[in-house]
Structures are given as C-alpha cells and as structure tokens.
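There are 4 protein chains.
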Amino acid sequence: MITKSKPNRAKLLISCREKPGIISTVTNFLLEHKANIVHFDQHTTDPRAGMFFMRIEFELEEFDSSIKKLEEDLHEIAREHALDWQLSNNEKRKRMAIFVSKTDHCLNELLWRWKSNEISVDIPMVISNHTILKDIVESYGIPFYHIPMSHETKEDAEQKALELMKGKVDLIVLARYMQILSPNFISKYPNQIINIHHSFLPAFVGANPYVRAFNRGVKLIGATAHYVTNDLDEGPIIEQDVQRINQRYTAEDLKTAGRHVERRVLAEAVSWHVEDKVLVHGNKTIVFA
Amino acid sequence: MITKSKPNRAKLLISCREKPGIISTVTNFLLEHKANIVHFDQHTTDPRAGMFFMRIEFELEEFDSSIKKLEEDLHEIAREHALDWQLSNNEKRKRMAIFVSKTDHCLNELLWRWKSNEISVDIPMVISNHTILKDIVESYGIPFYHIPMSHETKEDAEQKALELMKGKVDLIVLARYMQILSPNFISKYPNQIINIHHSFLPAFVGANPYVRAFNRGVKLIGATAHYVTNDLDEGPIIEQDVQRINQRYTAEDLKTAGRHVERRVLAEAVSWHVEDKVLVHGNKTIVFA
Amino acid sequence: MITKSKPNRAKLLISCREKPGIISTVTNFLLEHKANIVHFDQHTTDPRAGMFFMRIEFELEEFDSSIKKLEEDLHEIAREHALDWQLSNNEKRKRMAIFVSKTDHCLNELLWRWKSNEISVDIPMVISNHTILKDIVESYGIPFYHIPMSHETKEDAEQKALELMKGKVDLIVLARYMQILSPNFISKYPNQIINIHHSFLPAFVGANPYVRAFNRGVKLIGATAHYVTNDLDEGPIIEQDVQRINQRYTAEDLKTAGRHVERRVLAEAVSWHVEDKVLVHGNKTIVFA
Amino acid sequence: MITKSKPNRAKLLISCREKPGIISTVTNFLLEHKANIVHFDQHTTDPRAGMFFMRIEFELEEFDSSIKKLEEDLHEIAREHALDWQLSNNEKRKRMAIFVSKTDHCLNELLWRWKSNEISVDIPMVISNHTILKDIVESYGIPFYHIPMSHETKEDAEQKALELMKGKVDLIVLARYMQILSPNFISKYPNQIINIHHSFLPAFVGANPYVRAFNRGVKLIGATAHYVTNDLDEGPIIEQDVQRINQRYTAEDLKTAGRHVERRVLAEAVSWHVEDKVLVHGNKTIVFA
Numbered sequence: 001m002i003t004k005s006k007p008n009r010a011k012l013l014i015s016c017r018e019k020p021g022i023i024s025t026v027t028n029f030l031l032e033h034k035a036n037i038v039h040f041d042q043h044t045t046d047p048r049a050g051m052f053f054m055r056i057e058f059e060l061e062e063f064d065s066s067i068k069k070l071e072e073d074l075h076e077i078a079r080e081h082a083l084d085w086q087l088s089n090n091e092k093r094k095r096m097a098i099f100v101s102k103t104d105h106c107l108n109e110l111l112w113r114w115k116s117n118e119i120s121v122d123i124p125m126v127i128s129n130h131t132i133l134k135d136i137v138e139s140y141g142i143p144f145y146h147i148p149m150s151h152e153t154k155e156d157a158e159q160k161a162l163e164l165m166k167g168k169v170d171l172i173v174l175a176r177y178m179q180i181l182s183p184n185f186i187s188k189y190p191n192q193i194i195n196i197h198h199s200f201l202p203a204f205v206g207a208n209p210y211v212r213a214f215n216r217g218v219k220l221i222g223a224t225a226h227y228v229t230n231d232l233d234e235g236p237i238i239e240q241d242v243q244r245i246n247q248r249y250t251a252e253d254l255k256t257a258g259r260h261v262e263r264r265v266l267a268e269a270v271s272w273h274v275e276d277k278v279l280v281h282g283n284k285t286i287v288f289a
Numbered sequence: 001m002i003t004k005s006k007p008n009r010a011k012l013l014i015s016c017r018e019k020p021g022i023i024s025t026v027t028n029f030l031l032e033h034k035a036n037i038v039h040f041d042q043h044t045t046d047p048r049a050g051m052f053f054m055r056i057e058f059e060l061e062e063f064d065s066s067i068k069k070l071e072e073d074l075h076e077i078a079r080e081h082a083l084d085w086q087l088s089n090n091e092k093r094k095r096m097a098i099f100v101s102k103t104d105h106c107l108n109e110l111l112w113r114w115k116s117n118e119i120s121v122d123i124p125m126v127i128s129n130h131t132i133l134k135d136i137v138e139s140y141g142i143p144f145y146h147i148p149m150s151h152e153t154k155e156d157a158e159q160k161a162l163e164l165m166k167g168k169v170d171l172i173v174l175a176r177y178m179q180i181l182s183p184n185f186i187s188k189y190p191n192q193i194i195n196i197h198h199s200f201l202p203a204f205v206g207a208n209p210y211v212r213a214f215n216r217g218v219k220l221i222g223a224t225a226h227y228v229t230n231d232l233d234e235g236p237i238i239e240q241d242v243q244r245i246n247q248r249y250t251a252e253d254l255k256t257a258g259r260h261v262e263r264r265v266l267a268e269a270v271s272w273h274v275e276d277k278v279l280v281h282g283n284k285t286i287v288f289a
Numbered sequence: 001m002i003t004k005s006k007p008n009r010a011k012l013l014i015s016c017r018e019k020p021g022i023i024s025t026v027t028n029f030l031l032e033h034k035a036n037i038v039h040f041d042q043h044t045t046d047p048r049a050g051m052f053f054m055r056i057e058f059e060l061e062e063f064d065s066s067i068k069k070l071e072e073d074l075h076e077i078a079r080e081h082a083l084d085w086q087l088s089n090n091e092k093r094k095r096m097a098i099f100v101s102k103t104d105h106c107l108n109e110l111l112w113r114w115k116s117n118e119i120s121v122d123i124p125m126v127i128s129n130h131t132i133l134k135d136i137v138e139s140y141g142i143p144f145y146h147i148p149m150s151h152e153t154k155e156d157a158e159q160k161a162l163e164l165m166k167g168k169v170d171l172i173v174l175a176r177y178m179q180i181l182s183p184n185f186i187s188k189y190p191n192q193i194i195n196i197h198h199s200f201l202p203a204f205v206g207a208n209p210y211v212r213a214f215n216r217g218v219k220l221i222g223a224t225a226h227y228v229t230n231d232l233d234e235g236p237i238i239e240q241d242v243q244r245i246n247q248r249y250t251a252e253d254l255k256t257a258g259r260h261v262e263r264r265v266l267a268e269a270v271s272w273h274v275e276d277k278v279l280v281h282g283n284k285t286i287v288f289a
Numbered sequence: 001m002i003t004k005s006k007p008n009r010a011k012l013l014i015s016c017r018e019k020p021g022i023i024s025t026v027t028n029f030l031l032e033h034k035a036n037i038v039h040f041d042q043h044t045t046d047p048r049a050g051m052f053f054m055r056i057e058f059e060l061e062e063f064d065s066s067i068k069k070l071e072e073d074l075h076e077i078a079r080e081h082a083l084d085w086q087l088s089n090n091e092k093r094k095r096m097a098i099f100v101s102k103t104d105h106c107l108n109e110l111l112w113r114w115k116s117n118e119i120s121v122d123i124p125m126v127i128s129n130h131t132i133l134k135d136i137v138e139s140y141g142i143p144f145y146h147i148p149m150s151h152e153t154k155e156d157a158e159q160k161a162l163e164l165m166k167g168k169v170d171l172i173v174l175a176r177y178m179q180i181l182s183p184n185f186i187s188k189y190p191n192q193i194i195n196i197h198h199s200f201l202p203a204f205v206g207a208n209p210y211v212r213a214f215n216r217g218v219k220l221i222g223a224t225a226h227y228v229t230n231d232l233d234e235g236p237i238i239e240q241d242v243q244r245i246n247q248r249y250t251a252e253d254l255k256t257a258g259r260h261v262e263r264r265v266l267a268e269a270v271s272w273h274v275e276d277k278v279l280v281h282g283n284k285t286i287v288f289a
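Sequence order for the protein chains is A, B, C and D. Just so we're aligned, residue 1 is where the first sequence starts under our numbering, counting upward by one. Just so we're aligned, residue 1 is where the second sequence starts under our numbering, counting upward by one. Just so we're aligned, residue 1 is where the third sequence starts under our numbering, counting upward by one. Just so we're aligned, residue 1 is where the fourth sequence starts under our numbering, counting upward by one.
Here chain A stands alone, though its shape is the one from the complex (with noise of 0.2 Å):
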C-alpha cells in the first residue's frame, strides 16, 4: 500500500514484551488524546511470553499543539508500562543520504520515486567513491560529495562522511555501494542502514552472486533489501523479490535483468522504513506493509 504523505497524520512503533492489555492501554491512551486511529497493526512471537510488536498510524485535530501533548504524555506511560516507542509525523519529513558508486539504477529509481513523492523523505546529500554520478544527483538539485576511498584511506573517507551528514542524517541506504562499511562506522546508524544485495539471500552471499547464480544454474535470481550490521550479509532482511530467468541468459544478461529486481526491491523496503512500517526484533524484522 503507498501511504501518501498526508498531514495530520503520526505514527506510533511500539515494541515491549507480552503483557495482557497492552492494547487497551495504548488506544485508550490515543483516545483520551482525541487521536483517530487510521491504521492499526500488530504482531506478537508468543501470545504468553514472547514479544509484542505495534504499528498506529492516526489523526489528529490541531496537529501541531495536540502531537506535542500526546509525545510529552507518551514518556510517561511508556515508563509506567515499560514500552520502547518510536513517535513520527509526516510534517517532519526523514533526511536520507543515498550512499553510491558507479551504477545508477538503484539511485534513479529512489530519485524518481522521491520526485514523484512515492518516497517522502528529504534528501540532503548524496555520497559517492566516484564522480560518475555527479551529474544525475545534481540535476535533481541534491548536493553530491565525492569521497574517494581506498583500504588505506577507509577510515578517513568513513569519518568525513560522518561529519557531513552530523545532524542531518536520519537513513542511509546503500544504493550499490561497493565499499563494506566499517563496524564503527554502522554503530552510529543501527538498523538505519539499508542495502541491496543482489542475490536471494542467504543464497551466494558474498560477491559476484550472478556470477555464482549462472555457474549454479539456477533458474531464479533475487534481491534482498537489508539491514547493515557488523555481519556481512547478514543483517535483518527487510524484502526480497526474484525474477524467472532461462538458459539463454549469459552471466552478463542476469546482471542487466537482475538490476530491474534489485531496484525495485530496494524502493519498497525503502518506503517501508520511511513510513514507520519495520520493525528488527533481533536479527529479524516485522514488516507491516
């Protein structure tokens, strides 16, 4: 579903464990703050003892006053009822940087579908090892800072882009960044890194997975949207989609076709992430699409 960006609209993430009246707590506490519930979703690994998971998203009247009220108050019985809670609004839009090397369809498809307010983020910057994007990003009239990076510059280059993005970073997707990204680096963003790894994972995690896919035989190739963490490939899968392939595809051409699943894989677990609808729960997530 393609949440538009409306105004008037929050959404409130809710994570804590099993408890009875959760529920009741959370929307009787909505109600007395006159909040209309539009969406309401939840999850839970284990009705008596697991973890409970909760996604609202709703209206309110005289947005501004009444959302500050409702987040002061929210504090208090989150305390009270030990809940981790997330608080977003759509008139406070997330600030993405796009992290890029050479090839551009992932970063044509988030700027088309960010044009066209698919994706209703700001965009702040876009970071690239190399120039060759140069021109495309700023087209869109987005700043674009080229960081070069080599091994032995890795963690220079990793501590100019933090500072650039100091403040004014909410998410950085990996739009086929070709570079692994160092540990400390990661844990100034947890699971605010998204990257496309082109593959079906856990199938040829790793490099060259069309490579790998052609000499398996496979008659599938995938894509998987993720979760940076310290383990390679291994982070919280968010999506994942496959396209049919057949003999009559080279290992070039899986890579040309591969690039149409990758991109769009990309874009919806982007979109997702932007409107509050992921959750990780350990290296898992609950995704209310």
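One thing to keep in mind: the hints can contain errors.
Which copy is meant is left open, because identical chains are indistinguishable; a pair holds if it fits in one copy or across any two.
Computed list of lysine-lysine pairs in DSS-like fashion (alpha-carbon distance at most 27 Å, straight line) [to be verified]: (1) K134 x K115; (2) K166 x K11; (3) K115 x K68; (4) K6 x K188; (5) K188 x K154; (6) K92 x K188; (7) K188 x K284; (8) K6 x K284; (9) K19 x K6; (10) K154 x K115; (11) K102 x K6; (12) K6 x K134; (13) K69 x K154; (14) K94 x K19; (15) K11 x K92; (16) K160 x K284; (17) K69 x K284; (18) K34 x K160; (19) K68 x K11; (20) K154 x K19; (21) K154 x K168.
Rather than coming from a laboratory, the hints here were simulated on the basis of the structure. Computed from a predicted model, the values in this text were never measured in an experiment.
Could you slot chains B, C and D onto chain A? The hints should help.
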C-alpha cells in the same frame, strides 16, 4: 498465513460505522474477559465517516465457560455501540457443503487440504448433479448426494438440496458446479456461497472464458473466487490469481493450465472464509489474510 | 532474456502458410550464406494447415557485404516459397518516437533503459500535447516537440506529427499519451504503434480503469501493452502483468501503484518489438521472448 | 505449455559440439523422412565454439513403420556428425517409479496429474520405507512396495529396490523420500532421478530448511526440483519457485505453506522431463518449457 486449528482460540469479527474509541471499547471489553489477543486486524474505509472493520483472534483460559460469558456480554456492548459482530471459535468447526458437477480438480484440492487439516471444517456432504465424482467423495468417507438437475426440475432440485442441508451447513462451496443458482436459493446463504470463476474477473464474464481468452490473445489467464449473488459473476471478489501463458497454448491447453490456478485460488478463498478472515462490505471484501 | 546489441548479428522474421520443409529451406539458405544461427524460434498455429512463424538470429563474417548479398537473395527464395519476411540487423538501429502527455513514469523508464542500452534504438524525437515533460526529455539530448491538441485541431495536429516523423521513425510508443489517434494516423504505422493500457485487458476497457478496479474490488491490478488499431483497447496484446493489492489501497493508491506495472510492461513490450521478437497474426501476437 | 499426449508424435533431442549446418542437417533429414515439425527449440552455449542443444517435436504419417525407419537412419547421421541423440514417442510412455516416505502432498499431486493425464507416464510402482501411504497408492491401482531402511540395511534395501525396478523403470521421482541414495544406486539412473528439495537452492542446503528460513527471517520460501547426483542438493536444477511469507508464519507454518510450492515445482519438473523438455549439460539444465 496458515492458522492451524488451535484450541482455546476464538475469532471476533466486528463491523460498524466509524466513531472514536471503538478499538478501545472492544479491547477493554476483551481485557475484562481475560482474553489474550493473538492477532488484531482492522480496516476503515474513511477514518472520519466511513465503515470500520475489525478481526480479533484471541485465547481464553477455561475456554468453554469463559467464551460463553463473553458471548453473552457481547450482546450488550454491541447494542450499546451499534456493532455488527460474529464470534466463532475453533472448538466449533464450520460445516461446509461442496457442490460439484463433473470436473474433479477443485474438489480434490479441497478434500486434500481438508484431510491434511489445512482447511479445518466438517464436510457433512457433497452434492452433485452428476454421479461421476461419487467414488472420490465416498473414499474420503463423506456422504455424496446425487441431485439431477434440468431446466424444468431446477426448482425441485434446489429444494431438495436445501432440505438436505437444513441445519447442517454453514458454507457452500461451488467447486466448478455448472448450474446457476436461483435467487431464492442464494437468499438462504447470504455471503456463504463461494464460487470459482475461471477468468480474472471482470474479464470474460460469462461462459467459455478460456476460449475467449485464447481468441483475445491475452498473456495471462486467471481465476476468481467470489461470493455468489444474484448478479452472475458480479459478487464480492475474495481472491484472484493469474498464470502466464504463451502462443504455444491452445484453447484446450488454457483450460488444462487454468485448473491449477482455479484450485489454488478457490482453496485460498475457502481457507480465509473458514478462518473468519473475510468481511463483506457492499460488493467488496475486506480480507485479513 | 536481454539481447544486448551485438555487432555482426541480424534477425530474420518469417511468416507463411504451413507447408513441409520450410525450416529446411530457410536453414539451408542461411547455411549457404555462411550464417551462424544463434537463436532459432518457431511457432505454428497448426502443423498441418496453419500459419508458420519463425525468428532466426544469426551472425555473419564480413557483415556488411554478406548481409547485403543475403538480403538480395532472400527476395528470390521468398517469392518462390511465398514467405513474408523482415530482415533487420544490429548495425542499423530502429528509430523510435515517444508520444507523451503529462505523466512521466513510462517516459522515464524508456529513457533510462535506452540510456543504459537495454533498449537499443535511436530516439529522434518525443512529441507531446503538453510542455510539462520538455525539460526531462531535453536533459537526455532528445528533441522535444510540443503539438497542442484539441478536438477541433486533432486532424491538423496529427498531420503535423506525421510530417515531423516522416522518414525518421520506425516505431511510435504511446507512453501514457492521452489522445485517441485517428484511423488515418494509425494506418501510416501498422503494428508499429505500441500503447500501454492501465488495466489487464480486456477488463476495464476504456476510461478510468483504476477507479473501476477499485469499485469492483479486484485483488489484482494490471497493465497491458498492445499494438494500436482502430478498435480502441482491442489491438494485439504484446505483454501484460499484474500486481497484488488489498483493501488498504484507495483508488488513488491504485493509480500510484499501477504506475510500476505500467512502466515495466511497456518497457518489456518495447524491448521485444525492438529486438524483433514480436510477430502479429490477426489480432494476436507471437512473442519469442 | 501442456503437451497432451498426442498420437503420431515423436520427440528428438540432440546435443553436440557447435558446428555450421547442424540445424540444416537435421531438418533435411526429418524432411526426407516426411516428418512434420510441430515444435522446434534450440540452444547454444556459444555459437562459435560451444555446445549445441536441440529439441524437435514432429508428426509422422503411418507412424509405426515410419518412426522405425527414421530411428534406424538416425544412427548413421548421428555417427557421421557426432551427435548425441534421444528419440522418444508418445506411443511408448515412460515408466516412472515414485519413492516416498511419510508425507503425501507430492505423491498426491503426481498421482492426480497422472490420473488426469497431465503427466503421461506409466507408474509401475511406488516404493516406500514406510507403510503409511500404502492405501492412497493402491486406491489408484498402483502396486506399493514397502522396503524398510535403516543405516545398516541400506545396501540391501537399495538392492531390493533395484531388482524390483529392473527393466521396468525409466525415471525415479523422489517425492519427499527422506533417505540419501548411494552413489551405486544413483549410477544406475543417471539424470533419471528427480528430487524435490524444500528450499530455493543453494540457500539452505541440507537439513531443516524451513526452520533455518524461519531463523534467518527470509521473506520468500521456495522449493527446487533437481536431478540427483552424488553431491547432495548439488545436482542440476530443473525448476524452482518461491512463495511470499511474513512474520505471522511460524516455522511450522512455513512447512505447511511450503508444501504447495514443493508439489507444484516437482510436478512441473516431472512433466518437463516426461515430455523430453530437459537436457542436462554439466551441472545445469536446458529446459525447453
């Protein structure tokens, strides 16, 4: 998702006009009755002035006594808040009659899913206007009734079927039953008769959809499961799916290939109905699949 | 499969009435001309008395002189055996005009695939009845022509477009062009105008398919790429695809979601046409994809 | 496409090293023998120096005598041109043994497609290391053999199975047979044993793929049909497909849901093998589906 028939579980479906606090009201009510919510789904056609739909799957301790009390009290709260509701529980299985003519693919799929407990119903009878499928049905230990039908005998035949089913059937599945039911018959089972149409409705409404699909040169064929109303092929759609074809398929091949989509789509729709995941609103369905 | 534009390659399409020995005749002919067959596809509507279709992709040494000789000799063999044929080669790209109105998703998809060499054509011009997409088109270095059109000016406008394209265009793609072309215009480009319709035809023929899909409550929306004929939405279908939706999609959401199916389906159909993989027979296509 | 078993039809499969004129040679040969080509498919791994694969489905008048003559003459032409070939005809059905353990979904799907003539084979026997599926098999009039198997008795058990099948079986389908076959056994039926693995290989090679898929949090589960080789789960892949899942699926639900993908994928692969649409090249398949 496959909801295996779990004991101690009940499902509450609610429809009403949108108004503030419905979710709170209902979840508070469930909390008071010590119901442990497992799945909660809702939908609103318009958060300000639309219709509101809710499905709650919950568990109860001391199920038999608790559910009785809860059901009694539901009447009151429903009256007070003008809620339409339906409460079902896994201890009491729905009773499903299957109507067939000569082809076995949909029947077989339903019986196999029933036997492997994917569709948790009782099947008190299969009714057919032919005898060809008698042996299959009886091999599953299910009573088979042959009710011949011609244009002249239709009224009598339907009457006979209604008498056979009286008090014994909650749901009728037309598993490629090649007769049109009369308005009188349909009125006895509103939104409780599921049909499978062999096209992706509204394309190829009416007879011979595969021949017409072949002649039109479509690249996908499909099937549609819907509730039966007096308007042929126009009832609320529950599920649809398609399959890719190409020029090598003859009209006959389409028919053969289409059987797989038909049985899959019908079985999904029936599962969802049986698990109380389908609500009807006007001529559309809300499916909490 | 993605046929990258390879040099030294030609594609021969043949249609004729079925008769014994056609494949032998043609492959012998190619062997005599030292053609190296890479892909061979055929289809027969009836091996005894139907129509026969064949696509052969082959390589030649000393391409320029060899292909010339081969083409000359083709005339003779075709006359002798009553073959309809079409010979194209990767050295001579097709010339494609794109017609657009106000929406950019199909245009963007075509331009991106063109720029990344997935669709190997020349694009001598984009023609529009609006000016809104001028900048995008010109940013790719492609001439943009604005030809306003009203009910009264239609004949003139079409005439103007025909003159602009005269001798420069082999294929016209209507990338969400919201005007109906006249029979006179269409007759100039038989089976060379591709349109994208925003439904899985023949469902929702005509205007506002997404609104009607919403009202009918379908569970899949789709798009159809077809050749344009004088019968609106009735031309030979080249490609179709669908996307799953649910009750949370508003009519507006369907429109937004549908864009992704539209651009994918149109781009596939255009690719296949450009790679000479589509043959038309009556009101149907044979696609050797 | 579904090739119904048509009389008077034969299928010729050819593999050889690429060299000029192979298609001409073979089609001339067929023309001389008055064969009427219905379907022609070919594939080359490299048009200059690769391997060439061809499948021709053709009709013959006075089938029995003509096919005999054609087969005799094939030996000569094959020797001359160093062709590997295989000729089969619809008059002589393949003989398929099914191996099962305790689960019935794949067995049922095969038997239903066999009975409805979608899979045109003879089934001389079903062999199982358990007795639980005996009644189902015998209800179809097919002999059921129980061959118990333990680690100690494996060699004897396999020997017993081989003797039972001797001269009676062309194809073995492991329809969720939970035993690993020995290299000796496999060597008796090279590229003639089809297995269904319950994951989209190469993901989740080995045991308990559904539990591991659940733990990894994938968004798609799949199944893979492949020829059995001595490398477990590493044989040539014939067909794969996937199904979308979400967080509501437990590990148990994945298993239940996966059954539908498994039976569909296995049945497709078996159909293609039976219709001689699969050629093996190294560890990959060419499928002319």
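Now for the hints, and whether the structure bears them out:
1. K134 x K115: both (17 Å within a copy, 16 Å between copies)
2. K166 x K11: within (25 Å within a copy, 49 Å between copies)
3. K115 x K68: neither (30 Å within a copy, 48 Å between copies)
4. K6 x K188: neither (30 Å within a copy, 44 Å between copies)
5. K188 x K154: For K188 and K154, the Cα distance is within 27 Å only inside one copy (16 Å; across copies 56 Å).
6. K92 x K188: Close inside one copy (21 Å), not across copies (53 Å); limit 27 Å.
7. K188 x K284: Within one copy, since 20 Å is at most 27 Å while 44 Å is not.
8. K6 x K284: between (29 Å within a copy, 25 Å between copies)
9. K19 x K6: between (33 Å within a copy, 20 Å between copies)
10. K154 x K115: neither (32 Å within a copy, 32 Å between copies)
11. K102 x K6: For K102 and K6, only the inter-copy Cα distance (23 Å) is at most 27 Å; the intra-copy one is 35 Å.
12. K6 x K134: neither (32 Å within a copy, 29 Å between copies)
13. K69 x K154: neither (44 Å within a copy, 59 Å between copies)
14. K94 x K19: neither (32 Å within a copy, 31 Å between copies)
15. K11 x K92: Within one copy only: 11 Å inside, 38 Å across.
16. K160 x K284: Intra 31 Å, inter 47 Å, cutoff 27 Å: neither.
17. K69 x K284: neither (33 Å within a copy, 39 Å between copies)
18. K34 x K160: Close neither inside one copy (45 Å) nor across copies (56 Å); limit 27 Å.
19. K68 x K11: within (13 Å within a copy, 37 Å between copies)
20. K154 x K19: neither (46 Å within a copy, 52 Å between copies)
21. K154 x K168: Classified as within; 22 Å inside a copy, 52 Å across copies.
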